[in-house]
Amino acid sequence: MHELSIVTHVAKTLDEIAEENKLTKIGSVTLEIGEVSGIITDYFVDCWNYFKVKHPLLKEAELKLETIDAITFCEDCKQEYKTIEYGRICPYCHSEHTYLLQGNECNIKEIEAENE
Amino acid sequence: MLEIYETKERVTADNDKAAAETREKLKENKTFFVNLMASPGAGKTTLLKRTIAALKDSFRIGVMEADVDSAVDAAEIAKTGVRVIQLHSGGLCHMDADMTQRGLEKLDLEGLDLVFLENIGNLVCPAEFDVGAQMKAMILSVPEGDDKPLKYPLMFKVSDVVLVNKIDALPVFDFDKERFEKNVRTRNEKAPVIYLSAATGENCKAWIAYLKETIENWRQSA
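As you go down the protein sequences, you meet chains F and E in turn. Residue 1 is where the first sequence starts when you use my numbering, and the numbers rise one by one after that. Residue 1 is where the second sequence starts when you use my numbering, and the numbers rise one by one after that.
Check each hint, because a few of them may be wrong.
Straight-line distance between alpha carbons at most 20 Å, and here's what the computed EDC-like set of lysine to aspartate or glutamate pairs gives [unchecked claim]:
| hint | chain 1 | residue 1 | chain 2 | residue 2 |
| --- | --- | --- | --- | --- |
| 1 | E | 8 | F | 75 |
| 2 | E | 17 | F | 15 |
| 3 | F | 82 | F | 62 |
| 4 | F | 12 | E | 98 |
| 5 | E | 27 | E | 16 |
| 6 | F | 12 | E | 21 |
| 7 | E | 157 | F | 15 |
| 8 | F | 12 | E | 16 |
Derived from the structure by calculation, the hints contain no laboratory data.
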């Protein structure tokens, strides 16, 4: 629902990184997006394409998305399982005492860029 | 020649930075800042008016009303006599830390010891963006149903306190308190759940007492 604002946040962070490292052009941006991060990747890509042509630094930047699987850990039976498939309740022992190990990330992993 | 730069920054890194700056500024100024979130029509403005009435003799209060459009809420709050500004998000579904910073500048923190942000009515996006508040309070109203913690998990997870409004409507809705609390606890182990009616004033004192105590503790630790 807020994919476009996330794109603008990414752009601001990249502007700062570009300034620090005297980057003149960004060739690609790699984002790590967790399966349960709440980001709808199709929509995110549309927003990115809409925004990048308006932002000089990103004009030619290719967007690369890497998905991080969502995995939940059960505190009672100490097993791990796929969050998307089973949700909060452990499929092995039916316990509610579970927590997300990974899958809600949304990171700018790396960029390819040219400097002065 | 393209080189690879490892960044490993959260996509909202710039937002988190602005939020941290705001928190620091508020601390210096000894101003406690509450981010009030709820869906449209849950009773944010009504509860805010009641809260202001109860606290305006003990605190110098400022309010930022955030909406997509109109100044209806700001006009309502202005009647209470506290300092208020209306912010327009220009269609955006939430307030971020930057917009909040600009809002706080416009409101002017000078002489204020308690500031409320009435966030845009939405249970999704406002939960994602730290605005630099010391307290995130959410309201869920009885007609919305006791299953909402399951449907909007992040909002319940990030909130420091969950206020259940419109308890005067409990007899006509199938809202089950026990089921609701069980659902809240799957998302948030410690946030207190306070039942009240902003319209009739029933049990609002529990919320006021909680808010006062939290401000007191914050002042002592700051």
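Cross-check of the supplied hints:
1. E:8 <-> F:75: violated, 29 Å
2. E:17 <-> F:15: holds, 14 Å
3. F:82 <-> F:62: violated, 30 Å
4. F:12 <-> E:98: holds, 11 Å
5. E:27 <-> E:16: Satisfied, since the Cα-Cα distance of roughly 16 Å is no more than 20 Å.
6. F:12 <-> E:21: holds, 16 Å
7. E:157 <-> F:15: violated, 31 Å
8. F:12 <-> E:16: Since the Cα atoms of residue 12 of chain F and residue 16 of chain E sit roughly 12 Å apart, the hinted pair holds (cutoff 20 Å).
Checked against the numbered hints listed earlier, the structure breaks hints 1, 3, 7; every other hint is satisfied.
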